[in-house]
Amino acid sequence: MSRRVPWTFIVFLVALSVPFLGSRFHTFVATDIVILALFAMSLNLLLGYTGLVSFGHAAYFGIGAYTCALLMKSVAAPFLPSLLAGGLMAAAFALVFGFFCVRLTKIYFAMLTLAFAQIVWAICFKWNDVTGGEQGLPNVPYPELGWMASLPLLDGFRAGDHFYLVVLAIVAVCFAVLHRIVDSPFGRVLTIIRDNSERAQFVGVNLRAYELAAFAVAGFFAGISGALFGIFNRGVFPDFAYWTKSAEPLIMTILGGAGNFWGPAVGAFAVIVLNQQVTSYTEYWPFVMGVILIILLFVFPAGIVGTLAALAARVRPRTKSATLVGPDVVDRHA
Amino acid sequence: MLEVRGLSKSFNGFTAVDRVSLSVKRGEIAAMIGPNGAGKSTLFNLITGHLQPDEGQILLEGRDITGAPPHRICKMGMGRSFQRTNIFPKLTVFENVQAAFISNRGRGRNFWARSADLYRAETNALLGSLGLRDQAEVTAGELSHGARKQVELGIALACDPEILLLDEPTAGMSAAETHETIRLLETVAAERRLTLLFTEHDMEVVFSIAQRIGVLHQGRLIAEGKPEVVQRDPNVRRVYLGERR
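Protein sequences, first through last, are from chains Y and X. So the first sequence is residues 1 to 334, counted in our numbering. So the second sequence is residues 1001 to 1245, counted in our numbering.
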């Protein structure tokens, strides 16, 4: 048995090195990827782990973004408490909306999540006094990160680089927490709900309670990613809660692989990098994306990570069987 | 142990279960037989809370459980297996049984512990007694039909039931597998002092282990009692035993 490669650590180091080695543009793209990776990973708690398809995940992204932006802009609240408030507000709304959604199943569940998300969007779009209506809330202030310039190695950096490092740290913590959650007994119960909800009920699982809890946790992390995105984007807009925004993490998750913990993050990376590359050649980016998705769904339904994992598994047992199952062992079984 | 009083259920005017009353004593092995469509599965789904009865009452050790949700009934000491094998196909055999331990003992609320090491000893012991030890790391959905039935039994037993309802435990099994499964059920029931209520189409199985038999026909309980009595009942002979062969 070869030792496991610490992929997570390697990827983290690579991500950390972006502002040191790359250009300002690279840092910009990396920030986008890291924030949307969290958005997609939060959705995967529902899609990949609990087996719930949500078409309205943008609602919690938007609620987190507006909450954090309003606090920082109107009340000049500090960054971290505002961020946390964004996550908690999103989770609170997820609890309320989820209470109704988990009473329905399958496509009805999905449609109701979409309906709630459209309500959130409509409120953001029309409640001019608070949300700025169609114009949104521009000029959301950057967090006060001047102190980072006094740290060794970081003095030459711009505010955007500082913010990227803060985002990376926050998202890394969120990923660690999510990983812990899916590995916990709670996470195991979610996977048995996904696998067979009828049987899960008859080992003592209160379906609705667990689905609601998963919904709220997913809402919390979507809220955090929305809050970060609002600051990164220097403004929040009703689009954040629009249904096309709900499709983004779905596409990322399916592209990356819903069955794998890191699938959605890989999907976020792939979608954003492809977007950057393809838009520089052609304006028909959505067309290219559509073709890629169709090919993927038919040829690699397990997504990028799922396909790579299957390939790795196919290579590994071959070496293993060559060393373990010698001719004498085969003889004894025959 | 289990008492059912005047239970009825109809679907769009079709009466699937019609005023059925029965009682199962602690430690008893009881069978429910009847032709296809007689209402056996519906009766089981009513007792286990998957369906709500239109009328009647279900008592588990004297406590009224009529209309309670399945997860609560399960925690009150009732286990069940399903007619179509009902397991967690993408998890390993070990995880299937371990998950049942985790949820039944209320550990699922824990967001922070590591699930991998929970109930390891209990799970391995149970897998051992079911003869699934060697397949512990196999993905459950890839097992043979017979082995999947064993996994399902493992899931049911992990909930530490006092009464176990088995819907066709040997459906789709070969003669040898059937024999083995019935042996296993008998041993397990004796070891754990389990009360068993099962449905079965194989008459040989029924008459070999059941201490009491109820016969359902068109939703109604037409006979009930010791195997010898049921076997001699003219009604049963007419609608059921005669019809089978």
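No lab work stands behind these hints: they were computed from the structure. This structure is a prediction, so every number in the text was calculated from the model and none was measured. Any given hint might turn out to be false.
Partial selection, computed: residues in chain Y whose CB lies under 7 Å from chain X [what the hints assert, rightly or not]:
1. 179
2. 182
3. 185
4. 188
5. 192
6. 195
7. 196
8. 197
9. 199
10. 202
11. 205
12. 235
13. 239
14. 242
15. 244
Idealized CB from N, CA, C, for every residue including glycine.
Hint check: 7 Å Cβ-Cβ cutoff, residue 197 of chain Y to chain X = violated, 10 Å
ask   = At a threshold of 7 Å, is the proposed contact between residue 196 of chain Y and chain X supported by beta-carbon distances?
value = holds, 5 Å
query = Is the hint on residue 239 of chain Y kept, meaning its closest Cβ partner in chain X is under 7 Å away?
reply = This interface hint is violated because 33 Å lies over the 7 Å limit.
ask   = Any CB of chain X closer than 7 Å to the CB of residue 192 of chain Y?
value = holds, 5 Å
ask   = Does residue 242 of chain Y pass the interface check with chain X, least Cβ-Cβ distance below 7 Å?
value = violated, 31 Å
ask   = Against chain X, with CB atoms and a cut of 7 Å, does the hint on residue 244 of chain Y hold up?
value = violated, 31 Å
ask   = Against chain X, is residue 185 of chain Y within 7 Å by beta-carbon distance?
value = holds, 4 Å
ask   = Was the hint right that residue 179 of chain Y lines chain X, CB cutoff 7 Å?
value = violated, 11 Å
task = For the hint on residue 188 of chain Y, just tell me whether its beta-carbon gets within less than 7 Å of chain X.
result = holds, 4 Å
inquiry  = So, as I understand it, the hint says residue 199 of chain Y touches chain X; can you test that by seeing if any CB pair is closer than 7 Å?
reply    = Holds: closest Cβ of chain X sits about 4 Å from residue 199 of chain Y, inside 7 Å.
ask   = Is the shortest C-beta separation between residue 202 of chain Y and chain X less than 7 Å?
value = holds, 5 Å
message = Checking hints one by one. Is residue 235 of chain Y an interface residue toward chain X, by the C-beta closer than 7 Å rule?
response = violated, 34 Å
Violated hints, in rising order: 1, 2, 8, 12, 13, 14 and 15; the structure is consistent with all others.
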